[in-house]
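Engineer: Fit chain B to the given chain A structure using the hints.
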Amino acid sequence: MNDTGLDELLRRAARREPEALCKLVETYSPRVFGLLYRLTGSRDAAEDLLQETFLRVVRVIGEYRHVGKFESWLFRISANLARDRARRLVRRGESGVAERRDAMASPGTGDAGNPAEYLARQEMEQRLAACLQRLSAAEREVIVLRHYSGLAFREIAAILKIPLGTALARAHRALQRLRQELADED
Amino acid sequence: MSDELHNLEQTVEQEMALLRDLPAATPRPECLAQVKAAVVAEAGRLARRRRALWWTGTGLGAAAAVLLAVGWLTFGRHARAILTSDPDTALTEWAAALDESNARLASLLNGGGMYGDVGGDENAEVDELFRSLDESLRCFENLESG
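Quick mapping for you: the protein sequence lines, in order, are chains A and B. According to this note's numbering, the first sequence is numbered sequentially starting from 29. According to this note's numbering, the second sequence is numbered sequentially starting from 55.
Read the hints as simulated data drawn from the structure, not as lab findings. Beta carbons: idealized from backbone N, C-alpha and C, even for Gly. Since no wrong hints were added, every one of them can be taken at face value.
Okay, the calculated bits of chain A under chain B, using three or more residues with CB under 8 Å as the criterion:
1) 54 to 65
2) 76 to 83
3) 153 to 167
4) 183 to 197
5) 203 to 209
Simulated pairs of lysine-lysine, DSS-like, Cα-Cα distance not exceeding 27 Å:
6) A:97 - B:90
7) A:189 - A:97
8) A:51 - A:97
9) A:51 - B:90
Distance windows between CB atoms, simulated:
10) B:88 - A:191: 34 to 44 Å
11) A:36 - B:104: 14 to 24 Å
12) B:78 - A:95: 25 to 35 Å
13) B:115 - A:36: 32 to 42 Å
14) B:115 - A:182: 40 to 50 Å
15) A:150 - B:111: 56 to 66 Å
16) A:211 - B:91: 38 to 48 Å
17) B:59 - A:212: 22 to 32 Å
18) A:146 - B:60: 31 to 41 Å
19) A:87 - B:111: 18 to 28 Å
20) A:32 - B:91: 23 to 33 Å
21) A:155 - B:105: 49 to 59 Å
22) B:91 - A:209: 37 to 47 Å
23) B:123 - A:94: 42 to 52 Å
Only chain A is shown next, with the shape it has when bound in the complex (with noise of 0.2 Å):
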């Protein structure tokens, strides 16, 4: 979407119209759901916060000035959620290991294409989540925001309250961390 185009469906959206909301719905949840998925590795809780998120989008909405990028806005709502959300799981001392589980099959659409390469590809794709599972949640956090927001290190620091310097060493030591782990199922 063209910024014109982003510009006037917020303009709609900040008057609440259905239809406007709904749009910013198709729009953007794909990359919300990921995000949420990845950080709660729950797909039950990814779609719970997805519409906390939007709900909460719908509610503040009007307070929204288009200055910056609306990426960096709702992404920062999906993460502050996904945090809260993880903060109160580890109050109730439930660790997220089942979640976790969860998080390691493929929620694609499931293209098929060729048998072969699919189930190869499906394999990586496991392996690749389950590992992610396994890196500290600040980790996970920062590379995850980076993967589906599509948004710059820089923004993702703004969107964390961390030092640009922070946000890049949490980054490349997660990155190493996966690398190492991939490395080690082989």
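Structural biologist: Same frame as chain A, now just chain B:
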């Protein structure tokens, strides 16, 4: 941005290719439909709430306007009474009425009319005294409102 940070960012961006194989997670169609329905319902709820707040605000505004109007009319009447009464005149009238009343009371007491039987003249004197007292009080009220 320092060169060191810039280089680190370049390195990390290249390493991010590792996530290339991470599947694109998509919400189920029924979930998407549910989110849209929830969003539209929330927008409707907020619109109804805004309308209710508008009506409440308008109602409170109208009530405040009525109270102001009533208050102004009441105060206005009082103000008109003050404006039409000349304080100097009222004070003079009250002092004169009080003097007259006192004089009649003294005259009656000196004549003993208040303590014993009184004749027709004395009765008339007493009536006159009370009339003077009434007038004195009326003048005092005027003075107070002025």
